[in-house]
Amino acid sequence: MTCEESAGRMSELLDGVPGDELEAHLGGCPACREGLEGMRRADDALRRLPPIEWPPALTESILRRTNRPARRFLPIAACLAAAAAVAVLLLRPVPQEPDAAGLYAQGRLHLDQGDAARAIPVLRSVVERHPESPWADASCLALAAHFEKAGDDPAALSWYTAIRRPESITPAVARAIQAVAFRCDVEKARRPVK
Amino acid sequence: MLDPDDLAMAALREGRADRLRELIDRHGPVVLNFLHRMTGDRATAEDLSQETFLRIYRHAARYVPGGGFRAWLFAIARNLAYKQGRKRAPEPLAPPAAPAPAEAARALELQAAVSAALDRIEEPFRSALVLCTVDGVSYKEAAEACGCSVKTISSRLARARARLRDLLAPHLREDLP
Numbered sequence: 028m029t030c031e032e033s034a035g036r037m038s039e040l041l042d043g044v045p046g047d048e049l050e051a052h053l054g055g056c057p058a059c060r061e062g063l064e065g066m067r068r069a070d071d072a073l074r075r076l077p078p079i080e081w082p083p084a085l086t087e088s089i090l091r092r093t094n095r096p097a098r099r100f101l102p103i104a105a106c107l108a109a110a111a112a113v114a115v116l117l118l119r120p121v122p123q124e125p126d127a128a129g130l131y132a133q134g135r136l137h138l139d140q141g142d143a144a145r146a147i148p149v150l151r152s153v154v155e156r157h158p159e160s161p162w163a164d165a166s167c168l169a170l171a172a173h174f175e176k177a178g179d180d181p182a183a184l185s186w187y188t189a190i191r192r193p194e195s196i197t198p199a200v201a202r203a204i205q206a207v208a209f210r211c212d213v214e215k216a217r218r219p220v221k
Numbered sequence: 003m004l005d006p007d008d009l010a011m012a013a014l015r016e017g018r019a020d021r022l023r024e025l026i027d028r029h030g031p032v033v034l035n036f037l038h039r040m041t042g043d044r045a046t047a048e049d050l051s052q053e054t055f056l057r058i059y060r061h062a063a064r065y066v067p068g069g070g071f072r073a074w075l076f077a078i079a080r081n082l083a084y085k086q087g088r089k090r091a092p093e094p095l096a097p098p099a100a101p102a103p104a105e106a107a108r109a110l111e112l113q114a115a116v117s118a119a120l121d122r123i124e125e126p127f128r129s130a131l132v133l134c135t136v137d138g139v140s141y142k143e144a145a146e147a148c149g150c151s152v153k154t155i156s157s158r159l160a161r162a163r164a165r166l167r168d169l170l171a172p173h174l175r176e177d178l179p
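These protein sequences, in sequence, are chains A and B.
Residue 96 in our numbering sits at position 69 of the first sequence, and the numbers go up by one each step.
Residue 101 in our numbering sits at position 99 of the second sequence, and the numbers go up by one each step.
If we strip away everything but chain B, and leave its shape as in the complex, we get:
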């Protein structure tokens, strides 16, 4: 009945570091993937995931219980990603290869194009896009994580989606195999 994240945070406040494992098991993979998409680099995403959970442990006293743990977690991760920035320089968006590549090659090409497109979507639009589209975070949680209103998140998401669509347009044409 009680929020399991709130209970784990209460234990962390008491210095029971072992309860951090429970939070990592529950949220680690989502945070890692969020940071990977935000930074574009796996090693950086792992370093920042580590730092995110250490901050949760060190600043447990600042957490106010009430079911908002995920928003707090993403706020910390997002701030770290924001300070870090995208590690890679934006790569040029190559036109789709011709003649039409095989299905597997095309999937890889599309992945590379999506990753390069993310490089080109600036903050704060990128975090709204990744949080709401990939991580399944609600508008309300994303607004709390980004420190803005739900309306602002909705508008940032709309702009980010339109930009992503335009950047990927050459790769998403129906006539491509």
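One chain only, chain A, in its complex shape:
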């Protein structure tokens, strides 16, 4: 490895990326060792810049602004367009159906309030109507967690296995699935054979 190549890899070494070839080069090159040490010190100096505190008043200011319209003065044409849009919405014979995120939020709210009877059909509808949406997996997870907590492992397992997106299976989810599947197997083994 040349000194030029070594310079390009030093940063990764600082972040813990192992590099046998680089370390071998550093062992025999005082100039590169000094370069790496300088980089480490500069990193430390940057990290030691004193942090500034988040002012609590800033939070309140942000929350107050969420209650305000984005613009203070709307042009007349925009006001007329907005009024027309409201009129169209009010005159619609059928109310607009909430999207996957809206349904999921509704379902979660019912679950948080302990109203499983209302939550389950809503979350189930997200999975059935919007199977491709990431909210479908979120609904599966919410339902699985609910049934697992209620001690209904077969139902929990069926919702876990309904998850479609691989990225939704985090290590924690994978461990939960394994645990539920294990309990289901044990329960099956206990049943008397007819």
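Just so you know, the hints here were simulated from the structure itself, not pulled from any lab data.
None of the values given here were measured: they were computed from a predicted structure.
In this text, a Cβ means the ideal position worked out from N, Cα and C, and glycines have one as well.
Any given hint could turn out to be false.
What the hints assert, rightly or not - Pairwise CB distance ranges (calculated): (1) B:K153 <-> A:K176: 41 to 47 Å; (2) A:E50 <-> B:S140: 21 to 27 Å; (3) B:A114 <-> A:P82: 20 to 26 Å; (4) B:P172 <-> A:N94: 48 to 54 Å; (5) B:T154 <-> A:R60: 26 to 32 Å; (6) B:V66 <-> A:R60: 41 to 47 Å.
Said to hold, decoys possible - Which chain B residues stay away from chain A? Per the calculated CB distances, all over 12 Å, these: (7) R72; (8) K85; (9) P126.
Claimed, not checked - Output of the computed footprint for chain B on chain A, the stretches with three or more beta carbons under 8 Å from beta carbons of chain B: (10) 39-50; (11) 70-81; (12) 154-166.
Chain B: place on chain A using the hints.
Here is chain B on its own, set in the frame of chain A:
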């Protein structure tokens, strides 16, 4: 088990603005410090932090859940910082004072030198440096926030670190007290 940021974002989509407080409590200080280092000015950093969280609220419908909230948050903050630019004009890098100052004075001098060095590191290298070195953001998250590949982030970070080292060299000599 579910990502708490994803849950808060789902509530924001429903217009429950109160859930924004939870996101601010969790991420506000990191965003503020990121913007402070990016802009070099506290008042600007506070204004941009405010704007960042308001954009999160207003554009909640665009957020795709899946655990990538932090990258999305930093992408918004970085774009705002990029448009704003560094507020201060780069200050000249003064040589270390001689005779050797006291420890506290030297620490302050080093802080000033680091801040002045950040002024001199151009975008997109500065955001890679601040995100990965100070804010502890992974290469993957930083790549998502900056809209580039992990390899590009790694190379920008290497250049930024080398530049920072060279700019701070007179202040980081071992022989200084």
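Violations among the numbered hints, reported as their numbers in ascending order
Those not satisfied: there are none.
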